[in-house]
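Novice: Sequence:
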Amino acid sequence: MHLKFIINKYYDKKFVSDKKTLDYIEREYKNSIEQLEKSRKEYQESWDSINNKFSNYVEKVTGYKWFYKEYDCVVSVVHRGLSNWGNAPIIVRMWKLNPIKMRRITAHELILSHYFEIYKRHYKKEGLSDGQVWALAEIAAFALTSLTYDVKKFWPGDTEYYTNHNYPHIVKLQNQLKEPFINRRNFYEYIMKGIELVKEYPDMWPGP
Numbered sequence: 001m002h003l004k005f006i007i008n009k010y011y012d013k014k015f016v017s018d019k020k021t022l023d024y025i026e027r028e029y030k031n032s033i034e035q036l037e038k039s040r041k042e043y044q045e046s047w048d049s050i051n052n053k054f055s056n057y058v059e060k061v062t063g064y065k066w067f068y069k070e071y072d073c074v075v076s077v078v079h080r081g082l083s084n085w086g087n088a089p090i091i092v093r094m095w096k097l098n099p100i101k102m103r104r105i106t107a108h109e110l111i112l113s114h115y116f117e118i119y120k121r122h123y124k125k126e127g128l129s130d131g132q133v134w135a136l137a138e139i140a141a142f143a144l145t146s147l148t149y150d151v152k153k154f155w156p157g158d159t160e161y162y163t164n165h166n167y168p169h170i171v172k173l174q175n176q177l178k179e180p181f182i183n184r185r186n187f188y189e190y191i192m193k194g195i196e197l198v199k200e201y202p203d204m205w206p207g208p
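Under my numbering, the sequence shown has 43 at position 43, and the numbering climbs by one with no breaks.
I should point out that these hints are in silico values taken from the structure, not numbers from a laboratory. Every residue gets a Cβ at the ideal spot worked out from N, C-alpha and C, and that includes glycine. Any given hint might turn out to be false.
The calculated label-pair distances, taken between Cβ atoms and stated as ranges, are [said to hold, decoys possible]:
id	residue 1	residue 2	range
1	G157	L22	30 to 38 Å
2	P206	E26	25 to 33 Å
3	N87	D48	35 to 43 Å
4	D18	D150	20 to 28 Å
5	K199	K19	12 to 20 Å
6	D18	P168	21 to 29 Å
7	S17	P99	13 to 21 Å
8	K30	Q176	44 to 52 Å
9	P206	K153	15 to 23 Å
10	E126	K19	25 to 33 Å
11	N183	R27	45 to 53 Å
12	E200	I33	44 to 52 Å
13	T148	R27	36 to 44 Å
14	F67	E126	14 to 22 Å
Turn these sequences into a full structure, and let the hints steer you where they fit.
Specialist: As structure tokens, then:
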């Protein structure tokens with residue numbers, strides 16, 4: 001898998017509806033395109049230094065190859081981070097970030113997308129709602145970016161955050177799945193445990 005950072009104003013606007021923000025996006029793309037390109041270039045150089053090892057790491061831990069050879073990451077003037085719920089190989093990350101520190105959340109969005117693809121292609125018969133799959137994908141992404149030894153070399157000093165995030169309503173389930181992840185025999189076992197437990201949370205969704 002290779003991640004390519006791109007500039008795409010139309011995709012950046014896709015998830016915005018209010019006029020004030022849309023006008024802001026237009027201004028930034030008109031007046032700050034050089035800064036946007038600077039972020040894109042810095043992000044690409046930083047990510048390329050870990051791309052292959054990270055890609056192999058995710059395949060090894062999950063047991064599933066990436067479903068696309070190339071993923072795009074839109075460098076955004078408004079969105080901190082957006083995944084794609086298994087619908088296309090594209091994610092979004094905020095501009096003007098430290099190129100090293102931006103790696104972890106970028107990886108998180110990629111893993112979240114990968115988990116959705118795994119579920120849709122191999123576990124859809126389990127009958128979970130999109131919100132339930134989202135919760136499991138988020139938790140898996142937090143686990144793969146913080147709970148293994150390998151990640152320390154991808155984003156050094158930025159791994160102590162397993163439950164330190166903006167989704168307090170998933171923390172109980174997340175804690176229930178910490179030991180199953182650490183002690184898993186394989187990722188299939190971890191996925192099935194998550195599916196079993198998330199059925200106790202029928203109203204899961206990104207909002208509280």
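Novice: If any of the earlier hints don't hold here, list their numbers in rising order.
Specialist: 3, 4, 5, 7, 9, 10
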